[in-house]
Amino acid sequence: MQPTQVPIQVPEVIQLIDLKYYLIISTALFVIGIIGVLTRRNAIIIFMSIELMLNSVNLMLIAFSSYRADPTGQVFVFFIMAVAAAEVAIGLAIIVMIYRNTRSIDVGLLNKLKW
Numbered sequence: 001m002q003p004t005q006v007p008i009q010v011p012e013v014i015q016l017i018d019l020k021y022y023l024i025i026s027t028a029l030f031v032i033g034i035i036g037v038l039t040r041r042n043a044i045i046i047f048m049s050i051e052l053m054l055n056s057v058n059l060m061l062i063a064f065s066s067y068r069a070d071p072t073g074q075v076f077v078f079f080i081m082a083v084a085a086a087e088v089a090i091g092l093a094i095i096v097m098i099y100r101n102t103r104s105i106d107v108g109l110l111n112k113l114k115w
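My numbering applies: residue 1 is where the sequence shown begins, and numbers increase by one.
Simulated from the structure, these hints should not be mistaken for laboratory data.
Quick list of the computed label-pair ranges, beta carbon to beta carbon: (1) Arg103 / Met81: 27 to 37 Å; (2) Arg68 / Thr39: 29 to 39 Å; (3) Ala82 / Val31: 17 to 27 Å; (4) Arg68 / Ala28: 20 to 30 Å; (5) Met81 / Thr39: 24 to 34 Å; (6) Lys20 / Phe79: 24 to 34 Å; (7) Arg103 / Ala69: 50 to 60 Å; (8) Arg68 / Tyr99: 41 to 51 Å; (9) Met97 / Gln74: 27 to 37 Å; (10) Asn101 / Ile80: 29 to 39 Å; (11) Gly108 / Ala86: 19 to 29 Å.
The structure displayed is predicted, hence computed values, not measured ones.
For every residue, glycine included, the Cβ atom is placed at its ideal position computed from N, Cα and C.
Just need the whole structure built from these sequences, with the hints factored in.
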């Protein structure tokens, strides 16, 4: 006897917006984050761009998770957000220490870290 498969029910809110729109927005946010990391010299703006890339991945995970009615993606997002919070605390502490030593947060001036 084969177990019966329950059809996946997409929540009503998710049905209103197609999955491709979530993918387009998430991809746009990720590209904006990449451009911010590659073109900016300010450490805080680079840090914010990295967070923007993390949030675009979170958006994609939530969209797929909701579309498939599977909570696994939402659990991953919870852990990603916890890691991102720790990253923010450590990253800002590093930026503050760099500012105290160099009186600037321009990453172009950080040649003291080179060999």
